[in-house]
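A.B. asks: If you read the sequences in order, they're chains A and B.
So for the first sequence, the numbering used here puts the first residue at 1; every next one is plus one.
So for the second sequence, the numbering used here puts the first residue at 1; every next one is plus one.
Some hints here could point you the wrong way.
Below, simulated DMTMM-like cross-link-like pairs (lysine to aspartate or glutamate); rule was C-alpha separation at most 25 Å, straight line [what the hints assert, rightly or not]:
| # | chain 1 | residue 1 | chain 2 | residue 2 |
| --- | --- | --- | --- | --- |
| 1 | B | Lys12 | B | Asp31 |
| 2 | B | Lys148 | A | Asp101 |
| 3 | A | Lys70 | A | Asp101 |
| 4 | A | Lys69 | A | Asp39 |
| 5 | A | Lys107 | B | Asp31 |
| 6 | B | Lys109 | A | Asp40 |
| 7 | B | Lys148 | A | Glu106 |
| 8 | A | Lys135 | A | Glu106 |
| 9 | B | Lys12 | B | Glu35 |
| 10 | A | Lys107 | B | Glu35 |
| 11 | B | Lys109 | A | Asp39 |
| 12 | B | Lys109 | A | Asp101 |
Calculated from the structure, these hints are not laboratory results.
Spelled out, the chains give:
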Amino acid sequence: MYWTLFLTFFKIGAFTIGGGYAMLPLIQREVVGRGWMNDDDFMDLFALTQSLPGAFAINISLFIGYKLKKTLGAIVCMLGSVLPSFLIILLIALFFTHATDNIWIEKAFKALRPATVALIAVPCLTTALKLKLRKSILIIPVVAALLIWQLGVSPIYVILISAFGGIIYDFWIKRR
Amino acid sequence: MIFWKLFYVFFKIGLFGFGGGYAMLALIQQDVVDEHQWVSSQEFTDIVAISQMTPGPIAINSATYVGFTAVHNAGYSQQMSVLGSVTATIAVCLPSLLLVLLISLSYAKFRSNRYIAAAFLGLRPATVGLIAAAALLLMNSENFIDYKSFIIFAAAFILTWKFNVHPILMILIAAALGLFIY
């Protein structure tokens with residue numbers, strides 16, 4: 001059973017490109033398809049995982065592993081998800097430390113870098129649109145970005161302040 | 001000692017990394033590029049590009065990569081650098097493991113906790129700001145070297161946003177373009 005869990009998550013980790021959320025449908029198909037969990041339980045777990053810090057794919061692997069085989073199951077599933085990325089990146093890092101002065105790689109990366117920044121800017125915009133932020137709420141992301149970008153405030157403070165702000169708003173301001 | 005620092009930094013990133021991989025970039029960048037200067041802003045951008053082309057979560061990919069590079073740049077051997085990537089990867093996963101074990105003790109209670117729901121009223125919009133900060137911090141002279149950079153940025157932005165070009169395809173197009181124009 002542990003071996004099956006490991007292999008299942010290893011396979012998912014090795015074949016999904018595009019970050020944690022791209023792994024979701026595959027995890028769902030494997031876990032529900034094998035009868036480890038029903039769809040409702042899975043969606044519950046998904047909702048819960050979104051409110052946790054850390055890599056999404058790792059968190060959901062941990063929960064599924066724990067539900068099936070307690071602590072050891074959680075660790076086995078986590079290792080399965082992590083190892084493919086770890087091994088692939090390690091190989092690239094080993095190769096890349098010797099290849100940085102290759103002229104062709106440098107040429108490719110010169111054009112790649114601004115494109116990569118665009119690939120970060122797009123999810124920023126799509127997340128903002130998806131959340132349908134009201135005009136009065138828009139001040140939060142604007143201030144958060146300015147604090148980090150211009151004033152060098154640690155993102156950790158921004159995270160803590162916005163979390164406490166949400167609690168204060170919900171419990172004291174909204175109730176009046 | 002560098003291994004202890006790596007562990008501490010990536011544990012912190014795993015613990016405070018709310019809002020998914022892109023929101024975590026600002027967090028990783030602040031510690032890894034600005035404070036400890038383990039990698040340059042340029043190297044960090046390369047790591048993000050590589051993370052998007054390879055499988056797995058961006059947090060894990062960057063932990064593995066930065067762990068290796070930080071130890072390597074500090075003048076240690078290749079074996080020690082591998083150990084650095086192991087250290088950073090374990091550190092970034094450890095908070096998740098501990099939190100999941102903790103929550104599993106009282107799963108139902110956590111799920112219906114009003115404080116957590118309320119905190120997300122503030123966290124969710126802040127996430128947008130975190131992603132914006134990650135992008136803005138990378139818009140510097142290391143990554144934008146000439147006018148061509150700005151054209152590539154604008155084209156990549158429009159192609160992925162408006163025309164739904166897949167990020168991996170976008171990366172491959174940009175890389176191929178670089179061979180011709182630089």
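A.B. asks: Below or equal to 25 Å on CA atoms is what counts here, so check B/Lys109 against A/Asp101.
C.D. replies: violated, 55 Å
A.B. asks: CA of A/Lys107 to CA of B/Asp31, is that 25 Å or under?
C.D. replies: Not satisfied, since the Cα-Cα distance of roughly 28 Å exceeds 25 Å.
A.B. asks: Check the hint pairing B/Lys12 with B/Glu35 against an upper bound of 25 Å on the C-alpha distance.
C.D. replies: Judged against 25 Å, a Cα distance of about 14 Å means the pair holds.
A.B. asks: Run the distance test for A/Lys70 versus A/Asp101: straight-line Cα separation, threshold 25 Å.
C.D. replies: violated, 48 Å
A.B. asks: Assess, step by step, whether the Cα of B/Lys109 is no farther than 25 Å from the Cα of A/Asp40, and give holds or violated.
C.D. replies: Judged against 25 Å, a Cα distance of about 18 Å means the pair holds.
A.B. asks: Does A/Asp39 sit within 25 Å of B/Lys109, going by the straight-line distance between their CA atoms?
C.D. replies: The hint holds at about 21 Å.
A.B. asks: What's the verdict on A/Lys107 and B/Glu35, does the C-alpha distance respect the 25 Å limit or exceed it?
C.D. replies: violated, 28 Å
A.B. asks: Please work out if B/Lys12 and B/Asp31 have their alpha carbons no farther apart than 25 Å.
C.D. replies: holds, 10 Å
A.B. asks: Holds or violated: are the alpha carbons of A/Lys69 and A/Asp39 at most 25 Å from each other?
C.D. replies: holds, 19 Å
A.B. asks: B/Lys148 and A/Glu106 were given as a pair; does the straight-line alpha-carbon distance stay at or below 25 Å?
C.D. replies: holds, 15 Å
A.B. asks: Is the straight-line distance between the alpha-carbon of A/Lys135 and that of A/Glu106 25 Å or less?
C.D. replies: violated, 43 Å
A.B. asks: Measure nothing beyond the straight line between the CA atoms of B/Lys148 and A/Asp101; if it is 25 Å or shorter, mark the hint as holding.
C.D. replies: The hint holds at about 22 Å.
Hint compliance for this structure: hints 3, 5, 8, 10, 12 are broken, all remaining hints hold.
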